[in-house]
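Each chain, letter by letter, is given below.
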Amino acid sequence: MSEPIRVLLVDDEVGFLEVMSKRLGRRGVDVTPVASGTEAIQVLRSSDFEAAILDLKLEDMDGIEILHIFKKMVPDMPVIMLTGHGSEQAAREGMQSGAFDYLLKPCELEDLLDKVHKAVGR
Amino acid sequence: MSDAIYYQGLVKSMMFIIILVSFAPLVIIVLIAGYQYSIVYEEKVEAHLRELVLKHDQSVDSYLEEKVAEIQVLSEVIDIESLADQSRLKELHDALVRWHGTAFVDLGLIDGRGIQVAYSGPYNLQGVDYADEAWLREVRERNVHVSDVGLGRRGVPHFTISLRLESKGREWFLRTTLDFIAFNRLVEDIHIGETGMAYIINRQAEFQTTPRRDMTGEIPFLRELVSDSNSAIAKGRASMTIQTNPATGRETIFVTSAIKDGDWILVYQQETADAYADLNRSRDLAVVVLLLGGVAIIVMAYLMSRRMARRIERADLDKESMNEQVIEAGKLASVGELAAGIAHEINNPVAIMVEEAGWIQDLLEEGLAEGDNDREVQRALNQIRTQGGRCKEITHKLLSFARKIDPTVKHFCLNELVHEIVALSEQRAKYANVVIETSLADNIPPLEASPSEMQQVFLNLVNNAIDAMDPGGGNLDIASRLDGNQVVVAITDTGCGIPRANLSRIFDPFFTTKPVGKGTGLGLSIIYGIINKMGGTISVNSAVDQGTTFTLRLPVGEVADSAACEVGGGDAA
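Quick note, the sequences are listed as chains A and B, same order.
First residue of the first sequence: 91, per this note's numbering; consecutive thereafter.
First residue of the second sequence: 1331, per this note's numbering; consecutive thereafter.
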């Protein structure tokens, strides 16, 4: 097995972070879970990631806002957005702002993995 | 009923204004223009008539003067012997007729005693004695005399010019008769309109020309008109007077000019109505146009006002039903928005459940005996149950909101309702670190309202209060008491409070400070509507960071069976 892909996962549902970290971890993705936008920015300052998975609905900050900050901090890092049904507008907005792709929540793990692989190119 | 009166009043005032605005300028213009026009027109008519009379009095005078001059020339040029010679006189008369047409009817010479010694003319008047005739006396005094028109001896209307001559100490008179028809034609031709005509009268109002109609009845009036006391008419030229002609009973214009040194008077007369016929016609036309215009304006004003009032009435009705529709739409929107919000909210637990199930599959593939997979599956299942509970809570919330509001008004016990709401909200309050306390008076009589609507009111207020204290927590106090005929309920929280700027708007529909998708902005406005409908009031008191108190004042039901309520309230507690 090659080296795990380092991914930053931002979602305010702690339960979701927990189970996703475990499942992705088994599939060669090293997940750093963060539960808020501010925390995500702090983590991004000290570590570097090959990709980020970003829930557009966070309690402390607007998802699109965080996307802009990510793009400013690490322009090369691909960002995959997660969004609920009925919020495709936000997802389209994110695509225009430079997001790599988006997925509707709840999504199939295989789909997410597929996108992550495409994003990092391996 | 009062609505009908209001709209009728509206029609009346609109009609009045339309009529006033459109009629007033019309009337003013017609009056001013009509007045000016009539003055100018009357002046023009009068000037025309005066000019006409002036022209004709001159021509009559010059006609007479010319004839007199003619005879005078004869008397100076021809000696008495020749005039007294019958055949010479005839030659002279023939010459006059040749050059003047039939104007000179005859020519005669009368001696000092008044006997006509020579005569040339159509009548046999030689040797006639004129000694006692009035004209002879006149001509002796004045040398020249033009007689009035009379029938004379021949029984035909005529008038004469007589001259006094002197030769060798003897007195003679040369006399000629003028053709009345030719003279008459001078004024007879004046004929204007229906009644306009001219004639000549003498001082005694005897006609010197033939008027166009029989005027014998008017002679006394004319005599009065031209009498010396009426000096302007008697002596002036083209003087105008308007008098009622007693013979016809109509107002008549008289234009008079003295001619023949004041012996005769040329009279032009025309009935005023006839003289101003054109003016009267245009005045009548203006009146007709004004009347028709007025009728049209009134009819149009009435129709327009009625139509406008109807439109306003319809618009008012539309507005009323629109208001109802807005509330209805607001309810639907709130349900729809809430559903969207809840569907979104449900995605999170569902996503966790899906992933946990996938995790269990992962673990099962690996085998439960491996590591602490057994415990991990237990944890995952617990998580699924927890998230399932979340989903259930959310769907319950949705169902209770979407349930149609039962508008049936019943007697219900307030304290009981408060206990129910508190029980329903306890779970939520616990998560939000909120402690709910109630202090309810036990003498609250039953209220008359729709219990489901009241449930909505209190649930909304309690939810708002908990929201206001999230996440820091706090105290929620619900107190009820009886105040005269009203039940007062105060719901007090120790939450974030409402900024002063928002305080006046919180009951407005669609006003919300929550993010899009979280709140509809209709909760408080619907509460306001419900409380208002049952005759109560809702007021708010708030201080930022201190908390908020909503105070409801609800009227006590008419059939106050308080005993039943106390028992019910006791049971619920």
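It should be emphasised that the hints constitute simulated quantities derived from the structure, not laboratory data.
Heads up, some of the hints might be wrong.
Stated by the list, open to error - Here are the simulated DSS-like pairs of lysine-lysine, each with C-alpha atoms no more than 25 angstroms apart in a straight line:
#	chain 1	residue 1	chain 2	residue 2
1	A	Lys147	A	Lys208
2	A	Lys147	B	Lys1722
3	A	Lys147	A	Lys162
4	A	Lys147	B	Lys1844
5	B	Lys1385	B	Lys1397
6	A	Lys162	A	Lys205
Checked hints:
Restraint check: the Cα-Cα separation between Lys147(A) and Lys208(A) comes to about 24 angstroms, which is no more than 25 angstroms; the hinted pair holds. Straight-line distance between C-alpha atoms of Lys147(A) and Lys1722(B) comes to about 22 angstroms, which keeps the hinted pair within the 25 angstroms bound. The hinted pair formed by Lys147(A) and Lys162(A) meets the criterion: a straight-line CA distance of about 20 angstroms does not exceed 25 angstroms. Distance check on the hinted pair: Lys147(A) and Lys1844(B) sit about 15 angstroms apart at the alpha-carbon level, within 25 angstroms; holds.
Restraint check for Lys1385(B) and Lys1397(B): the C-alpha separation of about 18 angstroms stays at or below 25 angstroms, so the hint holds. The hinted pair formed by Lys162(A) and Lys205(A) meets the criterion: a straight-line CA distance of about 22 angstroms does not exceed 25 angstroms.
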